[in-house]
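S.K.: Given only the sequences and the hints, what does the whole structure look like? Please build it.
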Amino acid sequence: MLVRIALGAIALAIATTLAIPGAVAKYPEKTITFIIPYKPGGGFDTYVRALAPIMEKRLGVTVVPKNIPGAGGRKGATHLYKSKPDGYRISIMNLPGKAIAAIQGKKGVGYDIRKFTWLGQIASDSYVIAVAGKSKIKSIADLKKLGRVIKTAGTGKGATSYVVSQIAANILGLKVKLVTGYKGSSGMSIAVIRGDTDIAFFAYRSYSKFAKSGDLRAIAALDEKGAAMLGKPGLSKLRIHRLVAAPPGLPSGIKKTLEDALFASINDAGFKKWAKKARRPLAALKGKASEKLIDELVMFYTGHKDKFK
Amino acid sequence: MFDSVLLALDNLLTVNSMGFLVMGTCIGLVFGAIPGLGGTTAIALLIPLTFGMKEFEAITLMGGVMAATSTGGSVSAILLNTPGTAPNAATTFDGYPLAQQGKAGLALGAAATASALGGLIGVITLVAVIPIAKEIVLLFAPPEFFLLAVFGLCAIAVSTGGRLLQGLITACVGLIAGFVGYDAVSGEVRYDFGIDFLWDGVKLVPALIGLFAIAEMINLSVKGGTVAENPEMVKIQKIFDGVKVVFKNYPTMLRGSAIGTFIGAVPGVGGTVAAFLSYSTQVQMAKDPETYGKGNILGVIAPESANNAKDGGSLIPTLAFGIPGSAETAVFLGVLILHGLDPGPTILFEHEDVIFTLILTLTISCVLATLIVLALARSLALLTLIDVHVLVPAVTVVALVGAYALNSEIGDVFVALVFAVVGYWMIRFDYPRVTFTIALVLGEITERSFHQTMLISDQNWSIFVTRNISIILLVLIAASLSYPSFRRWSKKRRMRREGAA
Numbered sequence: 000m001l002v003r004i005a006l007g008a009i010a011l012a013i014a015t016t017l018a019i020p021g022a023v024a025k026y027p028e029k030t031i032t033f034i035i036p037y038k039p040g041g042g043f044d045t046y047v048r049a050l051a052p053i054m055e056k057r058l059g060v061t062v063v064p065k066n067i068p069g070a071g072g073r074k075g076a077t078h079l080y081k082s083k084p085d086g087y088r089i090s091i092m093n094l095p096g097k098a099i100a101a102i103q104g105k106k107g108v109g110y111d112i113r114k115f116t117w118l119g120q121i122a123s124d125s126y127v128i129a130v131a132g133k134s135k136i137k138s139i140a141d142l143k144k145l146g147r148v149i150k151t152a153g154t155g156k157g158a159t160s161y162v163v164s165q166i167a168a169n170i171l172g173l174k175v176k177l178v179t180g181y182k183g184s185s186g187m188s189i190a191v192i193r194g195d196t197d198i199a200f201f202a203y204r205s206y207s208k209f210a211k212s213g214d215l216r217a218i219a220a221l222d223e224k225g226a227a228m229l230g231k232p233g234l235s236k237l238r239i240h241r242l243v244a245a246p247p248g249l250p251s252g253i254k255k256t257l258e259d260a261l262f263a264s265i266n267d268a269g270f271k272k273w274a275k276k277a278r279r280p281l282a283a284l285k286g287k288a289s290e291k292l293i294d295e296l297v298m299f300y301t302g303h304k305d306k307f308k
Numbered sequence: 000m001f002d003s004v005l006l007a008l009d010n011l012l013t014v015n016s017m018g019f020l021v022m023g024t025c026i027g028l029v030f031g032a033i034p035g036l037g038g039t040t041a042i043a044l045l046i047p048l049t050f051g052m053k054e055f056e057a058i059t060l061m062g063g064v065m066a067a068t069s070t071g072g073s074v075s076a077i078l079l080n081t082p083g084t085a086p087n088a089a090t091t092f093d094g095y096p097l098a099q100q101g102k103a104g105l106a107l108g109a110a111a112t113a114s115a116l117g118g119l120i121g122v123i124t125l126v127a128v129i130p131i132a133k134e135i136v137l138l139f140a141p142p143e144f145f146l147l148a149v150f151g152l153c154a155i156a157v158s159t160g161g162r163l164l165q166g167l168i169t170a171c172v173g174l175i176a177g178f179v180g181y182d183a184v185s186g187e188v189r190y191d192f193g194i195d196f197l198w199d200g201v202k203l204v205p206a207l208i209g210l211f212a213i214a215e216m217i218n219l220s221v222k223g224g225t226v227a228e229n230p231e232m233v234k235i236q237k238i239f240d241g242v243k244v245v246f247k248n249y250p251t252m253l254r255g256s257a258i259g260t261f262i263g264a265v266p267g268v269g270g271t272v273a274a275f276l277s278y279s280t281q282v283q284m285a286k287d288p289e290t291y292g293k294g295n296i297l298g299v300i301a302p303e304s305a306n307n308a309k310d311g312g313s314l315i316p317t318l319a320f321g322i323p324g325s326a327e328t329a330v331f332l333g334v335l336i337l338h339g340l341d342p343g344p345t346i347l348f349e350h351e352d353v354i355f356t357l358i359l360t361l362t363i364s365c366v367l368a369t370l371i372v373l374a375l376a377r378s379l380a381l382l383t384l385i386d387v388h389v390l391v392p393a394v395t396v397v398a399l400v401g402a403y404a405l406n407s408e409i410g411d412v413f414v415a416l417v418f419a420v421v422g423y424w425m426i427r428f429d430y431p432r433v434t435f436t437i438a439l440v441l442g443e444i445t446e447r448s449f450h451q452t453m454l455i456s457d458q459n460w461s462i463f464v465t466r467n468i469s470i471i472l473l474v475l476i477a478a479s480l481s482y483p484s485f486r487r488w489s490k491k492r493r494m495r496r497e498g499a500a
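Chains A and B, in that order, give the protein sequences. Counting in numbering that gives the first Met the number 0, the first sequence runs from 0 upward without gaps. Counting in numbering that gives the first Met the number 0, the second sequence runs from 0 upward without gaps.
These aren't lab readings, by the way, just hints derived from the structure by calculation. Do not take every clue at face value.
The calculated lysine-lysine pairs, modelled on PhoX-like cross-linking and capped at a C-alpha distance of 25 Å, are [what the hints assert, rightly or not]: (1) A:Lys105 x A:Lys83; (2) A:Lys143 x A:Lys236; (3) B:Lys133 x A:Lys182; (4) B:Lys53 x A:Lys271; (5) A:Lys276 x B:Lys53; (6) A:Lys211 x B:Lys133; (7) A:Lys236 x A:Lys150; (8) A:Lys105 x A:Lys306; (9) A:Lys231 x A:Lys144; (10) A:Lys150 x B:Lys133; (11) A:Lys211 x A:Lys275; (12) A:Lys275 x B:Lys53; (13) B:Lys133 x A:Lys137; (14) B:Lys293 x B:Lys53; (15) B:Lys133 x A:Lys133; (16) A:Lys272 x B:Lys53; (17) A:Lys255 x A:Lys81; (18) A:Lys231 x A:Lys304; (19) A:Lys135 x B:Lys133; (20) A:Lys56 x A:Lys285; (21) A:Lys56 x B:Lys53.
Facing chain A, from chain B, some residues (calculated, C-beta under 10 Å) [to be verified]: (22) Met17; (23) Gly18; (24) Pro47; (25) Val188; (26) Gly321; (27) Ala329; (28) Phe348.
Bear in mind the structure is a predicted one, so any value in this text is a computation, not a measurement. Quick reminder that beta carbons are idealized off the backbone N, C-alpha and C, glycines included.
M.R.: What follows is the structure, encoded as structure tokens:
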């Protein structure tokens, strides 16, 4: 008798265990890992670390930021791409940097940018072309007058700075050579101030701090107004985008929960107050709008693909 | 400026701030001493805790951690042959042989004292150079980085301990290991064998944990006994001698601090390189280079004064341009941003009190950390008397957990295990591990700065001889390479003359 009860209990236990995947599992019920594909301390790191505690309140579970640096952000992106689409792993992603493989039509990078499940955009910023504060160069025309290849500073081939400089130079008809290996936008600003290179492309926010101290000076802004002034409105499509992605094939219910929590957190009064005080631009987008944006941008970048060897 | 110092003192001299400072120092010591965990990990883990704090309280906590980690790291470098943090790697070369000779107390005392003095010199220099901070940061460009790295690599020649061929072989292997992973210049991943894990390269700390700590544990378990080769010889009362020896050899300490401060001030070079350059300079200038790597106390003082001085130095680019000079300052600036400050080139004008709070915190914390280590040194040194049957499993577990904890990545544990086997065979067949480590540390920066230099100069090699600092560095390299031959020649001449007389 006892044996039968025990057997029955075991059978019941097995039945319920098996039944769980079939039933609508409660989501979220455990810690969510928010991947940052760069080292601690940079711009992407700060956005995630400021956002995580706010998302935590919305979702009711712990959100842990985790740095997975390596290969210029490619390692973290690949890690996410291969993760289980269960909603417990999401990552901040940058565009255009992460689109480089799609532009070059390269295989074996480990991920396909268009296949991620996009949850939304946190922020976006326009670019400026800047020279050292002391430089004599005042405009794009001055650069062209130099009559030589213009050196520009970048973090690495495959990074956002590479994509932006190649496409912008192509549109502006400039011949540029990228000097790579600088660490982040701070390394690039030192390179320009020190005179390693003539120019560098900076996101407006990273540039503005150095403009205030007079160390850097913009010779062209690539926002809508600036691009129109240069007569090349297409340039304003070159922006840095900070997006959030989940692995491909995330179930739509989980996607909706995460997407809504992310969108609400970016629009949270506390987060907005922080962003204003720390002078971080915000541009919240939902998942669908982000997907559309990425499709458009990849099309736009790919139009210049002969500039990427 | 004086107002800000007073304001900073006012911020600091509260029960809360002092409490956070002591807490930060203790956390820094522990995180520094556990291999794998380091200052950046500690600061990153503490970030959520600071959300509820006032700005300057968060700064005292973080500053306490920053100043204490490399002091804590020296303890495991000396006692267990494992650098607690990467900048302590050079300390193992002479620190551990001293522990083996039963002089762990002396080494701990010297390391702690050198740390405090180095830290103080770094901070004092920082305050002194504020007016010319920008010029200092801009002084070094890629051509100089390259020559500095070559200068460091030259130390391989004198660090082989008389086994030149073996030293060169391990150095080459070290360079190759340093090239694994993503190359920012070309944008390609190299030598990854199709393993995603290797995209980030062979990380220094797991490699050193294997090469030094676990390899040593294998060696000990084969040999049996204790770390100290002759337990009766152990004199733990020597701690105060260690303090004295630093003051007696103040040129070494001052040189180490100067190197640490200046390398710290150069963005993109880092504390590990600073400690190695300090060690190699010491060996190259020594009259008895053959005694290094075998337990020369100066080989402990040089890197330990440098790796603490770099904390002050790494704030020079922060004051000048609002950019980090080390991994720790990078995370620290991140904390400031999270607290709504916006560090930039104008940080000194906008947040002078913040900066001075940090400077005062670093000063107090580096002295406090040293006092704690000195107070505990006697008990810590007893580690060298523990029987291998207890020590080996304990250290191996801590070392492997440390390797894992660095990035919560199991691949790092495998790296440590692979290097453990390599390290053990190197001990068995008497191949120097120091040369391997120097090459592994300097390989990446050598290559990167060379490529950058060539891109900047349009493949024109004359860039190395048309810049003032480059020329000075070239002269230093030539001098360091010819000095041993010159010394041999003059020794021979003296002997001949004495023989004639």
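S.K.: All hints are to be evaluated individually against the structure, with a verdict given for each.
M.R.: Status of each hint after checking the structure:
1. Distance check on the hinted pair: A:Lys105 and A:Lys83 sit about 24 Å apart at the alpha-carbon level, within 25 Å; holds.
2. This hinted pair checks out: A:Lys143 and A:Lys236 have alpha carbons roughly 22 Å apart, not beyond 25 Å.
3. The straight-line distance between the Cα atoms of B:Lys133 and A:Lys182 is roughly 18 Å, inside the 25 Å bound, and the hint therefore holds.
4. In summary, the hint linking B:Lys53 to A:Lys271 is supported, as the alpha carbons are separated by about 19 Å, within the 25 Å threshold.
5. For the hint pairing A:Lys276 with B:Lys53, the CA-to-CA distance comes to about 15 Å; that is within 25 Å, so the pair holds.
6. Distance hint between A:Lys211 and B:Lys133 is fulfilled; the C-alpha atoms sit about 15 Å from each other, no more than 25 Å.
7. Restraint check for A:Lys236 and A:Lys150: satisfied, since their Cα atoms lie roughly 23 Å apart, inside the 25 Å limit.
8. Distance check on the hinted pair: A:Lys105 and A:Lys306 sit about 14 Å apart at the alpha-carbon level, within 25 Å; holds.
9. With a CA separation close to 19 Å, the supplied pair A:Lys231 and A:Lys144 stays within the 25 Å bound.
10. A hinted pair counts as satisfied when its Cα atoms are at most 25 Å apart, and A:Lys150 with B:Lys133 qualifies at roughly 23 Å.
11. Only pairs whose Cα atoms come within 25 Å are accepted, and A:Lys211 paired with A:Lys275 is accepted, the gap being roughly 17 Å.
12. A hinted pair counts as satisfied when its Cα atoms are at most 25 Å apart, and A:Lys275 with B:Lys53 qualifies at roughly 18 Å.
13. A threshold of 25 Å between alpha carbons decides the hint, and for B:Lys133 with A:Lys137 the separation of about 23 Å falls inside it, so the pair holds.
14. For the given pair, B:Lys293 sits about 49 Å from B:Lys53 by alpha-carbon distance, which is inconsistent with the 25 Å threshold.
15. Between the alpha carbons of B:Lys133 and A:Lys133 the distance comes to roughly 14 Å, so the proposed pair stays at or under 25 Å and holds.
16. Distance check on the hinted pair: A:Lys272 and B:Lys53 sit about 16 Å apart at the alpha-carbon level, within 25 Å; holds.
17. The suggested pairing of A:Lys255 with A:Lys81 holds, with an alpha-carbon distance near 21 Å, which does not exceed 25 Å.
18. Of the supplied pair hints, the one linking A:Lys231 and A:Lys304 holds, its CA atoms being roughly 18 Å apart against a limit of 25 Å.
19. Annotation: proposed proximity of A:Lys135 to B:Lys133 holds, straight-line Cα distance about 20 Å (limit 25 Å).
20. About 19 Å separates the Cα atoms of A:Lys56 and A:Lys285, which keeps this hinted pair within 25 Å; it holds.
21. Among the hinted pairs, A:Lys56 with B:Lys53 is consistent with the structure: their alpha-carbon atoms are about 22 Å apart, no more than 25 Å.
22. A hinted interface residue such as B:Met17 counts as satisfied when its beta carbon comes closer than 10 Å to some beta carbon of chain A; here the least separation is about 27 Å, so the hint is violated.
23. Taking 10 Å as the C-beta cut-off, the interface hint given for B:Gly18 is violated, the closest approach to chain A being about 23 Å.
24. The beta carbon of B:Pro47 comes within 7 Å of a beta carbon in chain A, closer than 10 Å, and the hint placing it at the interface holds.
25. Checking B:Val188 against chain A: minimum C-beta separation of about 6 Å stays under 10 Å; hint holds.
26. For B:Gly321, the interface hint holds, the least distance from its beta-carbon to any beta-carbon of chain A being 6 Å, beneath 10 Å.
27. At a threshold of 10 Å, the smallest CB-CB gap from B:Ala329 to chain A is about 3 Å, leaving the interface hint in force.
28. The criterion of a C-beta within 10 Å of any C-beta in chain A is met by B:Phe348, whose closest approach is roughly 9 Å, and the hint holds.
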